[in-house]
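Trainee: Listed here are the chains, written in short residue letters.
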Amino acid sequence: MLRTLALLVPVWLLIAWICTGCWDRREIVDVAIVMITGVDEGQKPGTYRVHAHVAEPIQLGGPGEAGSAQTKKEPVTHLVTEGRNIDEARAKAERMLSRDIITSHRRVYLIGESAARKGMKDILDQISRNPMNRLSTLLVIAENTKAEKLMDTKVPLETFDVELFREFGLRKMRLPTSIKDYFIAATTPGQQPLAASFAKSKENKIMMSGIAIFRDHKLEGFIKGKEAIALSGMLGGKMGGSITIRIPQVKGDLSIHLDRLQLRRNVTILKGEPEFTFEVRAFGRVLDNRTNLDLSNPSIIQKINKASSEELEHTFKSLFHRLQKQFRADTTGMGTMIYKKHPGYWKRIEKDWPQMYPDQTIKWQVRTEITGVGSIGAPLFIPDNEVEK
Amino acid sequence: MEQFAEELKRTLGSMPDLIFRSAGSSLIVYMAGLADQQRIEREIVDPLTDNKHTGPSVITTPSVQLTDSYQQTVQSILSGMAAVAMRGQDQVLLANVAAYPDRGVPEPHVETSILGPQEAFSENLDTNVALIRRITKSEKLRMKVWHYGSVAHTEVRLLYFDQVAQDELVQEMSQRLDRVHLEDAFGSNYIAESIKDRPLSLFPTVQKTERPDVVANALMKGKVAVAVNNTPIVLLFPFTFWNAFETVEDIYLSYSSATFLRWIRSVFILSALLLPSLYVAITTFHNEMLPTNLLLSIAASREASPFPAFVEAFIMESIFEAMREAIVRMPRVLVQAVSVVGALVIGQAIVQAGIVSIPMIIVVSITGIASLMIPHYETTFAIRILRILLLLMAGGFGFFGIALGLFFTQVYLTGLRSAGMPYLAPVAPMLWKMLKKLIIRQPFERS
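Residue numbers (this note's numbering), protein chains in the order written: chain S, 767 to 1155; chain L, 40 to 486.
Errors might be hidden in some of the hints.
[What the hints assert, rightly or not] A short, non-exhaustive set of chain L residues, derived as facing chain S with CB atoms under 10 Å:
no. : residue
1   : T323
2   : E327
3   : F349
4   : G434
Treat the hints as calculated values from the structure; they're not laboratory data. Note that the Cβ used here is the ideal one computed from N, Cα and C, for glycine as well.
Kindly generate the complete structure, drawing on both the sequences and the hints.
Mentor: Here's what the structure looks like:
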């Protein structure tokens, strides 16, 4: 009896497997992979316009071909829908495609400037609640254009334009602002989130234009140029920029490429008021020498150090001026510093912090160290007697 | 004596190879082909015809025996001895002049090795045991003998090293060999099935080898060997799961090479088991796990293919298994031609016709190569069958199915025993000292 039952078990398993086992099987050919989503304001006020790129694998070369070089057409399909909220737009998009939309490979979420200025709150929940989401999706702002226009631009060197946004965030800037980072920054007391921003250059190419600053989930503005270099260096990213310095009584100027910053921040409470001291050690290399100086001379390097420290301090001060007075957003986490070091004090001033923040002063101590001058000391094209040693 | 001849003719029939030779006043009976005729002439016939005195002492054959049992005489003639019936004697003299047609010492063709000895067993039991003795000149080697079958009368010997092999093991194996009742025991597999722990199990619990150095090595480690006449395969007990990962080459290579090969082998055996199931599970149920670029490449190839991933896997696996078996069975001269046809048909035509996608071909090829890496021939069958079962589970339930399948396999393996030893030792139960021998090939101790 037991023997018969034992022999019947495989039969039952087979039946279960055949009838019910494959219920959530989904072949790759029945799936539409969304690569990037862009959100803008819709034509009617209060609506959103959602633009998605869906990958078309068949353009990438099917079986038997060794990758033809004729991909004139970008291997994506464009889907544009409008709705009162993101989910409604998504539902409409589902009705336009023969395959199931999966967003688990969506790596960049692009938000247009006007939509970001109106407020991010309504956009954010749908991204994270969907079980097919990826918290490592990068959040990126399109400056001065609609997200749609940015996404339609063809990107050089890459098959998908998602790659451009991702490579910038991960490799070049090293300040990837994924959704996870955004949430962490938004929920840490005393810190506001930020995101990378891209704009369209005059030649119709996508360019990374700066850093977008948020306050209370609304886009406040952008930090650009030298200040963006300083800000990304402060927050641990790659700086990726040069500053130009002049040495007093020397004709011409030099370009210093800053490699990294070592930042030590300190806050003390004196008479009920916080006092911030920031110590910065910057490391850089001279990339372009438009003076006659001989850079192999250590005393000249000292002068360059001093000049660049002054320049950097100037940049930092203007950065914080903009952050504090213009945007009133505590992006660098000064409130978090108080929260971590003096939690009792923070509890008292927590509610007042947004008003206290613009009035804070920071004592800067900036030191620059030039760690390299390239392969040559003095410019090789100037005869020896004209070089200043 | 004439009665004797008549009796023999009646028992054995008037066979053309049953030779009756009279020498002097004696009658010599032997089987042509089994007995060495030259020796009979030289050692038996000549002395008998020369000498005036006849008697057993005249014969110069080294091993002789006197018997008065008719059955024994018949058996001896059939085993190649010459029976000499002398006038006036009650007893028959049996002279051992056996010389079987035999292959000598052949080269191994299943367990080949690059740097080791190139000897293998042949069908002659005495030669095989002699090879083992030659390698281990140890006085500790002991043998126990059994004979089975009234038709084949096969001799089976149990070899072990006294005081090296555990007494319980020897006892256990002896008892099992005692209990074997076989009418005809052709080949060691019959014996193996009768004394194996679980003859119906998927996994092999006995090691079959055709190399004397492997047997000698095993005996020195405390295992027991069962040698069967007429089979070039010797059985070794006990056999754990991890023995299937070791090749004979391990002891002939340097320490680092052997360890490196062992690790690669383990990785590939694992992939031989799991790769098709993983591929089907990931592309069908869990495509979030693939990096996006890989997913798009796979999707690009799959666009043209009409079958779902699971069916593709099944088709390709069946074709590969069929090809593998066909190559083993076909005459050697055809192998080259057929493999070319196979490669063309499967590789080019199927893919270009768009019936099966390229990633599937890659997966099946890697799996095929990996399964050819398994050193122990019988384990390959276990792995292949399990692979198909896991494929079924993966196609239906994804990762959950694979996990379930592996779980049940694990439970099964843990309960399996080989000659009393747990199949997964030293991993389960954990024997720490032996674990080190498993992971690396121990460097030999320098004396």
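Trainee: Double-check L/E327 for me: the hint is only fine if its C-beta lies closer than 10 Å to a C-beta in chain S.
Mentor: holds, 4 Å
Trainee: Identify whether the interface hint at L/T323 stands, where standing means a beta carbon of chain S within less than 10 Å of its own.
Mentor: holds, 5 Å
Trainee: Does the interface hint hold: is L/F349 within less than 10 Å of chain S, judged Cβ to Cβ?
Mentor: Holds. Min distance 8 Å.
Trainee: Close enough to count: is the Cβ of L/G434 nearer than 10 Å to one in chain S?
Mentor: holds, 7 Å
Going through the hint list in order, the structure satisfies each hint without exception.
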